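A.B. asks: Here the protein sequences come in this chain order: A and B. Read in order, the letters of the first sequence are residues 0 to 312 in numbering that gives the first Met the number 0. Read in order, the letters of the second sequence are residues 0 to 248 in numbering that gives the first Met the number 0.
Keep in mind that a hint or two might mislead.
[Claimed, not checked] Some, not all, of what chain B presents toward chain A, calculated at C-beta under 8 Å: (1) 168; (2) 217; (3) 228; (4) 232; (5) 239.
Keep in mind the hints are simulated off the structure, nothing from the lab. These figures come from a predicted structure and were not determined experimentally. Heads up, the beta-carbon is just placed ideally off N, CA and C, and yes, glycines get one too.
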Amino acid sequence: MSKVLVIAEHNGESLNPSTAKSVSCATQIDGATVDVAVFGSSVAGVAQEAAELNGVARVLSVEREENDPAIAAILAPQIVALAGDYSHVFGPSTTFGKDLMPRVAALLGVNQISDIMSVEGSHSFKRPVYAGNAIVSVDAPADSIVIATVRTASYQAADRGNNAPIEAASVDAELPTHTRFVELRTGSSDRPDLQAAARVVSGGRALASEENFELIYKLADKLGAAIGSSRAAVDAGYVPPETQVGQTGQIIAPDLYIAIGISGAIQHITGIKDAGTIVAINKDEEAPIFEVSDIGLVGDLFTVVPELTDALG
Amino acid sequence: MEKILVGLKRVVDYNVRVQVKSDGSGVETDGVKMSINPFDEIALEEALRIRERGDANEVVVVSIGSSESQQQLRTGLAMGADRAILVETASSTDALTVARVFRTIIDRENADLVILGKQAIDDDNSQTGQMLAALWGRPQATFASELTFDGTTAKVTREVDAGLETLEIDLPAVITVDLRLNEPRYVKLPDIMKAKKKPLDTIPLADLGVDGAPEVKETAYKPPEGRQRGIMVEDVAGLVAALNDKGLL
Ligand SMILES: Cc1cc2nc3c(=O)[nH]c(=O)nc-3n(C[C@H](O)[C@H](O)[C@H](O)COP(=O)(O)OP(=O)(O)OC[C@H]3O[C@@H](n4cnc5c(N)ncnc54)[C@H](O)[C@@H]3O)c2cc1C
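Produce the entire structure from the sequences given, and follow the hints as far as they go.
C.D. replies: What follows is the structure in structure tokens.
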């Protein structure tokens, strides 16, 4: 019988949507019991949110001053202390989970499975490699614990409606002091979160300046969309790094993705493969982005985008 | 600090359109251009800059792989690394084994800092640095886009989903780098000539006495399910109509 521990991602106030998606993945394992662990200094609200997720059997809250904000080197030994009761420990393949889970795996002496996109058995999974140009099936050793990250774009968030018990867990682990949090700088966040948004409007190098990105913001605001970007736009300083979509940025799966002045490099496409509908606006009819687009429009973004924004009333 | 270790992985060049072999045993690598993993190049560039501004004395590049990885190590030497170590093995190595190898090299070399790429663009694992830091019992600062050193500590800005996070870490430590940390230098011809004379030591993996990790078996490779090319619309009115048809507005 599989027992899966999902490590919750949160910001101290609310649960990150990546957690509900990781729970969905965990419940794909036949007959699995799924617990969620919430680490923080005061996590009652977050633990309650986790307890509402369908499929969750139990929520463990591990409250300690040192757990806020989360630092991989501090959480890892505590997860190891809890791991003895489990056959699997999952985290999301967000920067939080990617940072944390390999550290846990190494302490437990096992390899980690990165970016599970499909569960084929309790120890068999599929995952993307080569920027999504190949999908590999892997079998984890049957006699050791499975440590993995979940490719959140492959899963719908688990529904709410549950009321799982919440237990305070105290873990016996020595915590290092060699790593200290200094600060977190976040961009203006009155727009929807890129990971969670149903609609994303994304701009590329063609925008040519930070000021011109205003065109993207106006369209996004009309649609209630989050902002995305290509690496070229971020490198040029038009938009902050957390907006980057792709192999080395965020992997997302909105219902609607609008790529504006983005050529469609393979590293970018890998971040949007699971989008519901992809719309591309590009002045080059040969641009590779059109090969993966559901709706394409050849045109100059500087005329098309304002027109579209107006047309949306 | 005295010494920085940098990992260089030989991978399929990022410009290659990777094809899955028809028998599903892997991806086509015959006659395919191979290069240093782009993130590792950034790691090396950063190490060289740290040395050049006097914060370190020596930069050693390390690769774990077949003898062909010598090419990538030579490129690293041409960029400016002082020495190279090839840990040679014919078989592919998993992340934990690679981390264990680095762990033994750290002891052999008495390294103060290890800088690695945040992920390799072949397996896209993003694990080795974190695993190494765990085995070493030292700090990890992953996805770095800015670093500064102050004696025995470093301040590292990390690109995280929420924005930019800054950590202060004690040295020694492991840092993994993101794309925006720097722009790697181009190698000039005279540097390539000079690099031929720099030391490149080969150590057979078996000689390091590293324990193998429980194996994750790759059972089959498949091409991804492609997206279908959809429709083209003439103008904004056509786009709005198409979006309405799909119920997206
Ligand atoms: C290791 C590695 C990792 C990477 N990771 C990522 C990643 O995570 N995400 C990512 O996005 N990239 C990534 N890249 C970079 C990627 O290869 C491309 O360089 C990048 O995506 C290009 O961005 P772009 O499409 O905005 O720019 P370009 O490729 O320059 O495309 C600009 C497009 O705009 C169009 N255009 C120009 N003017 C107009 C106009 N007036 N109106 C309409 N269209 C116009 C052009 O026709 C062109 O198609 C990575 C690269 C490497 C090597």
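A.B. asks: Now tell me, hint by hint, if it's right for this structure.
C.D. replies: Hints versus structure:
1. 168: This hint holds: residue 168 of chain B lies near chain A, its Cβ roughly 5 Å from the closest one there, short of 8 Å.
2. 217: 5 Å, holds
3. 228: 5 Å, holds
4. 232: Where the cut-off is 8 Å and the nearest Cβ of chain A is about 5 Å from residue 232 of chain B, the hint holds.
5. 239: Cβ of residue 239 of chain B sits 5 Å from chain A, so the hint holds.
Going through the hint list in order, the structure satisfies each hint without exception.
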